[in-house]
Structure formats: C-alpha cells, structure tokens
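A.B. asks: Sequences listed follow chains A and B, in order. Numbering-wise (our numbering), the first sequence opens with residue 1 and increments by one. Numbering-wise (our numbering), the second sequence opens with residue 395 and increments by one.
Just so you know, these hints were derived from the structure itself, not from any lab. Every residue gets a Cβ at the ideal spot worked out from N, C-alpha and C, and that includes glycine. Worth double-checking, as some hints may not be accurate.
[As the list claims (entries may be wrong)] In silico BS3-like links for lysine-lysine, alpha-carbon gap of 30 angstroms or less: (1) K219(A) / K641(B); (2) K281(A) / K219(A); (3) K433(B) / K301(A).
[Unchecked claim] Label-pair ranges, simulated between beta-carbon atoms: (4) E146(A) / K542(B): 22 to 30 angstroms; (5) P313(A) / Y401(B): 54 to 62 angstroms; (6) E342(A) / G411(B): 28 to 36 angstroms; (7) D377(A) / K665(B): 42 to 50 angstroms; (8) H144(A) / P513(B): 56 to 64 angstroms; (9) Y401(B) / E359(A): 44 to 52 angstroms; (10) A107(A) / A658(B): 31 to 39 angstroms; (11) E194(A) / G485(B): 44 to 52 angstroms.
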Amino acid sequence: MKIHEYQGKQLFRKYGVPVPIGIPAMTVEEALAAIPKVQQQAGTDVVVVKAQIHAGGRGKGGGVKVAKTKADAEDAVKKIFGMQLVTPQTGPEGKKVQRLLVEQGLAIEHEYYLGMLLDRATAQVTVMASTEGGMDIEEVAATHPEKILKEPIDPAIGWQDWQSRSLAKRLGLSGKAADEFAAFMRPLARCYEEEDCSLLEINPLITTKDGKVLALDAKINFDDNALYRHPELEAWRDPNEEDPAESEAKKWDLSYISLDGNIGCMVNGAGLAMSTMDIIKFYGGAPANFLDVGGGATAEKVTAAFKIIMSSPDVKAIFVNIFGGIMKCDTIAQGVITAVKEVGLKVPLVVRLEGTNVELGKKMLAESKLNIVAAADMADGAQKVVKAAKETQR
Amino acid sequence: MSVLVGYDTKLIVQGVGSAGAFHAKQMIEYGTQVVAGVKPGKGGSKVAGLEQLPIYDTVAETVKHHGANTSVIYVPPPGAADAILEAAAAGITVVIAITEGIPARDMVKVKYVLDHEYPEVVLIGPNCPGVITPGQCKVGIMPGYIHKPGGVGVVSRSGTLTYEVVHQLTALGLGQSTAIGIGGDPVKGTDFIDALAWFAEDPGTSAIFMIGEIGGDSEEQAAQFIKDYVTKPVASFIGGQTAPPGKRMGHAGAIISGGKGAAADKIAALKDAGIAVAPTPAEMGTTLAKLLS
Numbered sequence: 001m002k003i004h005e006y007q008g009k010q011l012f013r014k015y016g017v018p019v020p021i022g023i024p025a026m027t028v029e030e031a032l033a034a035i036p037k038v039q040q041q042a043g044t045d046v047v048v049v050k051a052q053i054h055a056g057g058r059g060k061g062g063g064v065k066v067a068k069t070k071a072d073a074e075d076a077v078k079k080i081f082g083m084q085l086v087t088p089q090t091g092p093e094g095k096k097v098q099r100l101l102v103e104q105g106l107a108i109e110h111e112y113y114l115g116m117l118l119d120r121a122t123a124q125v126t127v128m129a130s131t132e133g134g135m136d137i138e139e140v141a142a143t144h145p146e147k148i149l150k151e152p153i154d155p156a157i158g159w160q161d162w163q164s165r166s167l168a169k170r171l172g173l174s175g176k177a178a179d180e181f182a183a184f185m186r187p188l189a190r191c192y193e194e195e196d197c198s199l200l201e202i203n204p205l206i207t208t209k210d211g212k213v214l215a216l217d218a219k220i221n222f223d224d225n226a227l228y229r230h231p232e233l234e235a236w237r238d239p240n241e242e243d244p245a246e247s248e249a250k251k252w253d254l255s256y257i258s259l260d261g262n263i264g265c266m267v268n269g270a271g272l273a274m275s276t277m278d279i280i281k282f283y284g285g286a287p288a289n290f291l292d293v294g295g296g297a298t299a300e301k302v303t304a305a306f307k308i309i310m311s312s313p314d315v316k317a318i319f320v321n322i323f324g325g326i327m328k329c330d331t332i333a334q335g336v337i338t339a340v341k342e343v344g345l346k347v348p349l350v351v352r353l354e355g356t357n358v359e360l361g362k363k364m365l366a367e368s369k370l371n372i373v374a375a376a377d378m379a380d381g382a383q384k385v386v387k388a389a390k391e392t393q394r
Numbered sequence: 395m396s397v398l399v400g401y402d403t404k405l406i407v408q409g410v411g412s413a414g415a416f417h418a419k420q421m422i423e424y425g426t427q428v429v430a431g432v433k434p435g436k437g438g439s440k441v442a443g444l445e446q447l448p449i450y451d452t453v454a455e456t457v458k459h460h461g462a463n464t465s466v467i468y469v470p471p472p473g474a475a476d477a478i479l480e481a482a483a484a485g486i487t488v489v490i491a492i493t494e495g496i497p498a499r500d501m502v503k504v505k506y507v508l509d510h511e512y513p514e515v516v517l518i519g520p521n522c523p524g525v526i527t528p529g530q531c532k533v534g535i536m537p538g539y540i541h542k543p544g545g546v547g548v549v550s551r552s553g554t555l556t557y558e559v560v561h562q563l564t565a566l567g568l569g570q571s572t573a574i575g576i577g578g579d580p581v582k583g584t585d586f587i588d589a590l591a592w593f594a595e596d597p598g599t600s601a602i603f604m605i606g607e608i609g610g611d612s613e614e615q616a617a618q619f620i621k622d623y624v625t626k627p628v629a630s631f632i633g634g635q636t637a638p639p640g641k642r643m644g645h646a647g648a649i650i651s652g653g654k655g656a657a658a659d660k661i662a663a664l665k666d667a668g669i670a671v672a673p674t675p676a677e678m679g680t681t682l683a684k685l686l687s
C-alpha cells in the first residue's frame, strides 16, 4: 500500500523524525488558507506548494513550486490544483491533482538521498544513502553505484548509533549536522520497523544552513501482508489513486492488476497467471489484466472475478486457465456459469481446465450450453483466445 | 532416492483448521506418514474426519511421543512465524511453511534466528505448495496424482506452474525425483541454490527443471551456481516476461523494482550459463525432454 507525501510526513512527526512545517489541503480554499498559517508558523514568506499524487518526479512535471510571496503562492495553488500532472511515472495521460501540501521554504545547504528497504539477498532491511540527493536514484545506482552507501539493520538489535556516525562520516556530514543525522535516523528506523514499511524513501533529505537535518520528501510503502496489524492505515487509502477494478478485486481478496491489452484472463496461482499473460503475448495477443483467483476460492469469488473482467469495455475475449490443485475445477465452472447467467457473455470465452475434478468441471460447462470454446492445453487456449480477440476487435 | 522428504518422513501438521485438516487427509491418503497434529490449547482433542490423528498442544510433544522430524505449517499469518520457530526449537529438521501472507518483518526475524540458532533446520517456503517425492511422500497442497516417480528434480517459485511442469513431464513419461516449491515471498528459507545443490548430489536425480519468476536476483545467482557446479542437464522457465514494472504480480516477491528483477535479465543469465529456457510455459516439458534425447 502506498500513501501520499503529506501522510508520510504525518507519520514522521508521530515518530519524531524532523520534517518542515506544512499543512495539507484537499481544496483550493484550504490551500489558500494554509499559506498565511505556514508563513506565520515558519516565520518566513517562502512557501513550497506541492502536488500530492503517488507518482514520483512531480517537480519535473511542474507539480512543485517555490513561492517567495503570498501572491506567488496563491498563483501556484491555483495553477497546480486540478492540473493533469504528467511525470515519468504517471504515463502520458498524467494524474489529476486533488490534494496539495503547503510547506515552509528552507535554506538548503545540501541535498542527500536516504532509502530503506528489504535486501532480499541478505534478508535484512538495508539503509541506503547518497550525497546525490534530489536526483533520480535509479540512475545514480546505474551510473555511479559507488555513490550509494549501504548499511544493514541487524534484525536482533536494530539500527545502532554508530551506524549513523559511520554513514554521516561517509556522507561528509560533520559537527552539529552529524549529531542531528543520528537523531534523525533513530526514530526513522523505528518507524520503518513498527509500521511494517516495505519501502521508505526520502529524496531529498536536507541539511539547512543552520545545521538542521530534515526530510523534505517522504515516500512510504507498507507491506500489504502486515496491514492487518495497522487497521488505522486504511483511512489513508486514496481512492483516486487506485484503479476501480483493482479496488473491487481487493474487496474479494483477489489479486488483480489492470493492463493495456484486450484479452481478459482468469487464472489460479500467481506464477501461472503471469505465464498466461506471457503465452498470450507470445501468440500475438495482449492481456487486459493479471488475475490470480487464489487457491481456496469459492464459486462466489470466481463469479466476482469474472464480473470484474467483463466490466472492462476493452476486453474482447476471455481466457480462463486453471490448473486445479486446492482449487477444484468444478468450483471454477460453477463460478463462471453463475457470472455469465447474471451479466451475460458479450465476448468469446476460452476455457482450459486441468487438475482436481477436471472431468466434473468440463461436464458442468458442457451441460450449461454456454458458448464456450474448450482448450486442450495452455498453448491451444492461448492461440484460440488470441484469434477470438482479433475477430471481435474487427 | 529423493531429497528432503521420503519414506523416513514423520510428519506433523501445525494448524489443523479447515485447510490443514483437509490437506492432512490428502497427505495420509497419498501415503505420507502423518504422525500428529498441533493445535495449541486443543491438545487431546480430535479433528472431524481425522479421528486417528493425535492432536497436541506443542510440537515438542510430537517429537517426544512420535519421533516427528518434519512439519508442515498451515497456521494463519499472524501465528505462522511463531509456529516455524516452535518447530525449529523442538528439533524438527525440515519445516515446510505453506502459509501465504506472512509479514516480511516476521520472516526477517525467523530467518535470522534460524541462521544463527538452528543452522541444521531446513525451511521451505513460506507461501509455497510444499515438497513431494512421488510415490513416497507428499507434504503440502499439490495434487498428488499428476506426479510420477522418476529422475527429474523440480524446483520452483510458483505453485501452479510447478503442477504445470510436472503434468507435462509426466505426460512425456519423465517422472520426478522430488518437486520442491520454494515459494513466492521475498524472504524465504530455501532458495534455488540450496535445492540445486541437493539435486546435484542426489543419485536419484538425473536432470533438473527450475521455474523462476520476476523479482529479486535468485535466478541470476542460480544460473552462476549451475554453471560452476551442476553437471546434470538443467532446463528452466521464467514467468512474468510481460509483467509491468512496479506492480506486485500476486506473489509478494514478484515485482520489478528499481530496474531490477525483470524476466529478460534472468533469461539472459540462464542462457549465458548454457541452461535451456522454455519459450512458453506450454513447452517446459518438451524443452527438458529435448535436452535428454
């Protein structure tokens, strides 16, 4: 699960990680009212107006503006709120800005990068830091890997102050800034652990001319598997940031991702679901979605999954590819039959069934008299569905 | 011959709720020696349909009374990490965790403790279908009937793709020595290299099929390991060639992030190491068969 920058900073405040003074706004009026408040609290006229969308690269797309006066800030608010912000991560269609963060401007001494994430190879959370703050960190990693410093967090004892001192030294921080950095890292590491983060990025982390260390940005992802421990985070979900089909799928505990193609897929198991997309592509088609109905799905869940697939106007053919293990083929057949009876079948449906109770499942589909194309195996099904999608598209 | 599980396996089931009980029944029917179940607070009780199975409060009791040496875990995510560590502390040497959805933070701690306190314990999973030695012992959730005893060792990050390759191999007359599902989580017990090393040494294994997917770089490391140490024929398949970056494809570990973990890089590494890569999931069996002919 992803959250907005302003939410990340609220979390940082709760843990005592220093962040600039700022006020989030859900409307233009709120944002305009926030400007004098931030100016007054911070004791400076300089404010930064920041678009709140989940995608990165907001500055490049014109979603972040520094304003030296109240009038400039008001202009920036009016300009950014409601704009269709295009960044390298949003795709060409961009993302509509519906939330803003009005923040104090700071006299920056230097910008750093700081990230925390799980290193799979060591199975430990790793702190990454770089003097190349404000830059695209993936690019730095590719061109200057030596400029990315790493420090693992010992799972038994957690982050240690000496590691902060070591990183500070290597980042060229000294004196007050080095002390401030250690004071910054302590609560940050605690936040990552206690909130079950899966990614935490601060780009940039800054030092100010008066020696303070602050998080100027906050990008936080949470481990979906641990959300049950943090029910309060649900309130931070922004429906505008989520694909409606993906949200609907989540209600049913289905693993669903919208894609650009026109062949709807319903598969059991993540690996088989991914490979089904691959084989559709191999035979010249394009998948409209990734969908893993999971191992223990009920007929109701399968019906819901099928309806989600059919709700997309882009879908020109559907491929159901099931290898029943725990999942029984008759459950799939029942779910498909129910869904089609409820919402109709407007496009060709190709079904490949294998595994537990396969004969029963096939028999149920045959007796349903639905217009279903049976496939002998995965390759046969993929070829048939690609052909069907092309014919429907015409 | 086989690896990890076989005739000597004395299995306990941790978590005998509906899923655990259902699969316990299936495993017993397959011929697996299931010696006991563990259900904290319900020791001495009976599970409907499995009246012959003794139920204990703790894993330690099953080791003491039945000589249990292997455990399969169906405990839901909030208690799963605890269940793994309980098994290790009780002296179980092979722990197979089926549970999907264990928080990464919990697994980081489990792995750390296992590595430091119980290096002799083999953890398979979590979020995996289990391990089967066809004809001898089935531990997990895979459909037993698609398997056939033989010489192909299978190791895979995906459950259903494992069934797919096994089904294809069996149809081609190629039986399996042992099939190991290592699971789709970012932090897991056994990784490809461990399993490859076991298969390389197992006299009952004459060829290996490896199924990877996007995310992480285990496949690249496995490719290097195979190049350096494995002389048996190896074929492979990588799922997720069309997966978009930044999206978690079902498995917690299946994500291309920070420009890393793409299928193309893994396929290139495997091919560089001289490993046959099936172009589509429908050709996994034939790709290995071609290698053996």
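A.B. asks: Against this structure, judge whether each hint is valid.
C.D. replies: Hints, one by one, checked against the model:
Straight-line distance between C-alpha atoms of K219(A) and K641(B) comes to about 16 angstroms, which keeps the hinted pair within the 30 angstroms bound. In summary, the hint linking K281(A) to K219(A) is not supported, as the alpha carbons are separated by about 34 angstroms, beyond the 30 angstroms threshold. Taking the CA atoms of K433(B) and K301(A), the gap is near 29 angstroms; set against the 30 angstroms cutoff, the hint holds. A hinted range of 22 to 30 angstroms is violated for the C-beta pair E146(A) and K542(B), which are about 52 angstroms apart.
The beta-carbon spacing between P313(A) and Y401(B), approximately 57 angstroms, falls within the hinted interval of 54 to 62 angstroms. For E342(A) and G411(B), the hinted distance range of 28 to 36 angstroms is satisfied, since their beta carbons lie about 32 angstroms from each other. A hinted range of 42 to 50 angstroms is violated for the C-beta pair D377(A) and K665(B), which are about 25 angstroms apart. Between H144(A) and P513(B) the CB atoms are about 37 angstroms apart, so this pair departs from the stated range of 56 to 64 angstroms.
Remark: the range hint 44 to 52 angstroms for Y401(B) to E359(A) is contradicted by a beta-carbon distance near 32 angstroms. Distance hint check for A107(A) and A658(B): the Cβ-Cβ separation is about 45 angstroms, which falls outside the suggested range of 31 to 39 angstroms. A beta carbon spacing of about 33 angstroms between E194(A) and G485(B) contradicts the range 44 to 52 angstroms that was offered as a hint.
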